[in-house]
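Participant: Top line first, the protein sequences correspond to chains A and B.
For the first sequence, our numbering begins at -3 and goes up steadily by one.
For the second sequence, our numbering begins at -17 and goes up steadily by one.
I should point out that these hints are in silico values taken from the structure, not numbers from a laboratory.
Incorrect hints may have been included.
Stated by the list, open to error - List of simulated lysine to any residue pairs, SDA-like, C-alpha gap at most 20 Å:
#, chain 1, residue 1, chain 2, residue 2
1, B, Lys50, A, Ala197
2, B, Lys64, A, Phe206
3, B, Lys64, A, Gly72
4, A, Lys169, B, Glu60
5, A, Lys165, B, Ile0
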Amino acid sequence: MIDKFKASFREEAQELLGQLEATLLELESDPGSGELINAAFRAIHTIKGSAGMFGFDEISHFTHDLENALDRCRSGSLAVSKDFIDMTLEARDHVLALLKREEGPTEELAAMGEILLGRIRAFAGLSAEPEGRTSAPAAAPAESTTGADAEKRRRTYRIQFKPAPAIFKNGTKVLNLLEELAELGRADAFPHTESIPDLEAIDPESCYCFWDVMLTTEHDVNAIRDVFIFVEDQAELKIEELPPEPEVDAGGHARRLGEILVERGEVTPDALREALKSQKRLGEVLVERKIVSKPQVDSALVEQEHIKKTQDRVEPTMGSIRVASDKLDALVDLVGELVTVQARLSRISLDLKDPALGSTSEQFERLIAQLRDDTMIIRMLPIGSTFNKYRRLVRDLSTELGKEAELLAEGGETELDKTVIERLGDPLVHIIRNSIDHGLEMPDAREKAGKPRKGSIKLAARHSGAYVLIEVSDDGKGLDREAIRNKAVERGLLPPAQELSDQELFQMIFAPGFSTAQTVTTVSGRGVGMDVVKREIESLGGSVHLSSQSGRGMAVTLKIPLTLAIIEGLLIRVAQESFVIPLSSVDGCIEINRQELASMGERRIINYRDELVPYVRLREAFESDGEEPAIEQIVIATGQESRVGFVVDEVVGQHQTVIKPLGRMYRDVEGISGATILGDGTVALILDVNRLAIDAQVRSGGQRVAEGA
Amino acid sequence: MARDSTPLVLNLDSSLTIDHASELKREISSALSNSALVHLNFSGVEELDLACLQVLFAARATARAGGKGLVFTGLPSERVRKRLRAGGFLRSGNGDIESLEAALIDS
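Pulled out of the complex, with its shape left as it was, chain B reads as follows (with noise of 0.2 Å):
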């Protein structure tokens, strides 16, 4: 598939609370719909609430469904990482970010 694979890359703000919810769908979305590979950047971010995680869920669905590729890169904070995974969102423990795609991917 001829595809042009220079990714669209996303650095995402460093606190992704419920109050960035609506900004962070708009955001992915747009990137999405202009191009056919996003890269989500977690470095830098600090804080992850639910609201948001739920979003990247949709995000990855929306992606799938469109045939775009989302990509994780970079490794959110410690606390992030804790917090994902008291929530049973990182089970391997290694906290990289590749199990929360992995994560995301099972669902």
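Isolated chain A, as found in the complex (with noise of 0.2 Å):
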């Protein structure tokens, strides 16, 4: 049972250190923020307060200190710094690696804890114990020190605080006790201004206000008390704590305003219902109709939103769930059977010409279509969240290379499966560890270069029919061909005689063991990394293409299959064969006859919408046997950049379509990009409009003319 809690605490903690070093990285570009520096400290008091409870006393002890820090950044006494920030992802780090051990920590790490605290201590000029504030209770220090059992529940306190109006003659600042009272927790505060005169009756030195505050606080109501002890005679203090966990109804909403109101006795419960029955906002009726004032009505709103704030932040995961991938894998197969199935059953249907069964299928292909679609889509993850976690390594490793170097990312929400996701990781870290190791020059030699001493790495993702292109570039010098060239020689990978053309040449790159480095950094230049990196993205049934100009930069591309995509395909004939053309490629279909063909001439090109547009007889193309038909059709498609048309026999119609890789062997084929098992069990092939596009356009010269032509 315990192991449950515990394992379920790792992981949100991690999740948590995950968000926390984001923070923490936007924190060093906009060190006033207050709202990043509220963020960090509230990771590490959630961290720390749950690895208390969750018995991970190394941590919650490690952590302890920490909060110490970033709660005096929090008010102000702390400027937060490069080494701030340094030391900070470092304690971050330290606890990632206790969260990780299974048992206590090893010497080592206990011993380096102990370093890192020794930094964080001395950073924020605390002394080996932990200090207590003047006004603070006899709860604060228990709950560090000793080990009484100050239960660490999170409570929620309705107070009003109100202050006679000669409360400043003795000299006390009223701001400075919400303050106070701020630092205990999440407090809400609504003041009162309702009494103030204008300009001409006012008495500077009287006190008009009062207010009602809303707290959420591990501390006890002694602690609230403290703040204004020395105030108590000057001023009316209510504090009421709210029952322990805030009434949610059954739609989940928090406390009604109605309820909030009837519980402060501003309002009697049949006054409630009578203004309830108007179609008016509750709030609006109470005050129109005199039972409340306004601003008892903008007080219990504030209680409101306070309860929601506080309540969203104890159940995080109220909207999502966590799930073993390795389940949700077994359900994408399953679906990706179900269509196949169905679209059997649809076959047979049509075959035999059933009205009952007719539709039937047809709603069954809806369903499917719709369980497909979801399906689809919670495998589905932007990869921005991917991109995000290298900031850390850019920085880390520029800084260790004594270079200067961003992150910028681009296309982030777009969406890939999962799996893919994940092995994409390591092979991006790899090309981004070159790009700043062998491609970025020092700053110096960039300023001398003209360009920006801040080099910028640029992570970009695209979708591109049924692939997502992924580029790394860098503003760097570039490839050294001859540097690859002298490399490849000496490794007798190309004889010295032997010219090559730059691609050829960039491609010698991904040969094992190559590295053109002079040293071996800790870094890169082990030479393991680029032979890898193909390597796996082969594994993905992808393609990794280099480009570079030297003195300028260079890109890494990769072209990843969506290998578990079920896309909309229009399903075509040739000879025997059939094919599948993504539909989201198709602008159009047009019949034509053998003779108008013939009549275009030698150039494959026929006029589509005023526009020309080659086009590919994909018989021809693959070879098959027989004669065509006296009428084809031509489904016109449009590639990346330039229109297609593809010759075929019968344009049978929409399939849904599983798409499966096609085998190593077949991956170097140009034109193919996947294929998939119809209903009747035979394969289709799927085509590549993108690059049979470009084909298509080489062939026929390069033509293409735009309306009018």
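Hints in hand, dock the two standalone chains.
Facilitator: Written as structure tokens, this is what we have:
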């Protein structure tokens, strides 16, 4: 039982630590941001509390001082500097390391922890013992030094603070008191300013305001009283603890406005009921009818908001659940099979022409389509979260190598299958490391070359047909042709006399053990990088492409198929073979007879909507047997930039296509991006429209004339 | 409404505490009687306590009643904003002076 909670704590803590890292990196570029500091504080605070609760004493102990340091940042007594961020990042890493250990920390880890703690404390000017604030109650030190079980439950209090008009006379700073109160936890204050007169009438030395404050805190009521201890006889103080679990109704909504007002005694239940009968918003009605004043309503709204906000943080998981990856995989496979079987059923029902069967089959088809879409969506994650992970890497790496670099990301919302994203992790790290290590020049060299001192590494992702293209580019010095050539010759991969094109030369980089680095840095240069990357991408059914401009930079493009994609396709037939064209690429379809085609002459071009579109005779391209029918179809499809027509025997119709990658042997085949299994068990190849469009363009002499030619 | 729209700008003192509250009241009163539009410049304000804050509320009421314009400009120090937040005067949390003004408008 406990293990389940421990596991759950580990997961959540890891997530929090992930967020914390991102927050700290952002904070570095925006050191004044109260919001970011607060977020960092809350993350550590939550981890500390939960760690203690589940027996992770090391973590609880370690994070205690870190929390204090962050608290000081919050209150403005400690400035956020690069050193501070460095230290906090290291501390975060340490917590992560502690988290991963099954039993307690190793001696080494514990020692590291103590050293880090020393730094944290020195940084925050903390003494060896946790400080207590002068107005702090007995409860606070107890929570950290003794083990007196101060129940660390979060409680919510409704506080009303009404200072007497003469309270300023003895020098009381009312706003300071409210600030102190706010430091006890999460506070939302509502000031009542209704009694302030106009400028002529106001006595500047008199206090006209009072407050309703909602406070959620781990401290007990004495801590609250202690804030006001010196003004006890000059103010009315009402403290009410709200029930432990804020009442939530079946709809999951926090306390209603009416309930809050009734509880406060500001409205009678009867008046409330009457008011609710009106169609208008409750608050408005009550104020209109003068049952309560507007400030009273506003204050109650603040309470509602406060409860809602604190609730959200207590149950962050309400909106989502975790599912084991393999369960999801099994589900997707099953759905894939359902799609196939449904296609078969569809065909049978068409053949049998039974109305009842037909309509049921159609319903079934719609449901399956929905199921398919929903399942695919579940598996897809935006790649942006992966991109963000690399900010830390780029930062640390550039610091280590004495270079300056920043990460730019584009297309983070591009979605990819979960497993694909996971498997891209390591390859991307390799590529980025290479870029920073070998690609980017030192800041001085860059400056001399007229470049900005800070190099940039850009990650860009986008969809292209049934693929995702991920490009990692840098603005460094690009690939060194000569160095690569020399290395290749040295390794016996290239006869010295042989000339190679740039592309061919760059491909040499992928040979195992190849590395042109003079010194092997700890980071990269051991030469294990690029060949591993290529293998990994290929095992995903994808390909790697390099491009480089000397002095300007280089780009590595990964083309990854959406292996588990189920797309809408157009099923076509050529001779005895079936093919699928992704429906998203299809523009239209026209009938044509042989004479017409012949009349166009040698060039394989037709006029489609005033555009001259090159076409491909699939029969020829795939060397199919037999003669073409008298009337053929041309399917016009759009590649990345240009259109292409496919001459086929028959357009069968729309078809839900479960994409299966081709086997290793066929990976280099151009023009085909995958295959699918039809309802009758035969295999249909999926056309790579982009590739075929380019080829057709090239063959037709690149002639493409826009309207009106 | 034809109006002379050149505002009278009052650069508020860096220390707006109870000791200066009466003076603040006088200054703003005078400004409002001499001009249809008054700007209160908060940049440079390092301290603001409740006494002076109340004067600002009062000023707003007077301005409104007299058909005058009272506009807040500039941003006080982070310390001041933090205090205002704790007091519930800057609920949106972004601490800009517009939200302080808005808060006062709501009163």
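Participant: It remains to establish, for every hint, whether it holds in the given structure.
Facilitator: Now for the hints, and whether the structure bears them out:
no. : hint                   : in the structure
1   : Lys50(B) <-> Ala197(A) : 18 Å, holds
2   : Lys64(B) <-> Phe206(A) : 19 Å, holds
3   : Lys64(B) <-> Gly72(A)  : 10 Å, holds
4   : Lys169(A) <-> Glu60(B) : 18 Å, holds
5   : Lys165(A) <-> Ile0(B)  : 10 Å, holds
The structure is consistent with each of the numbered hints, conforming to all of them.
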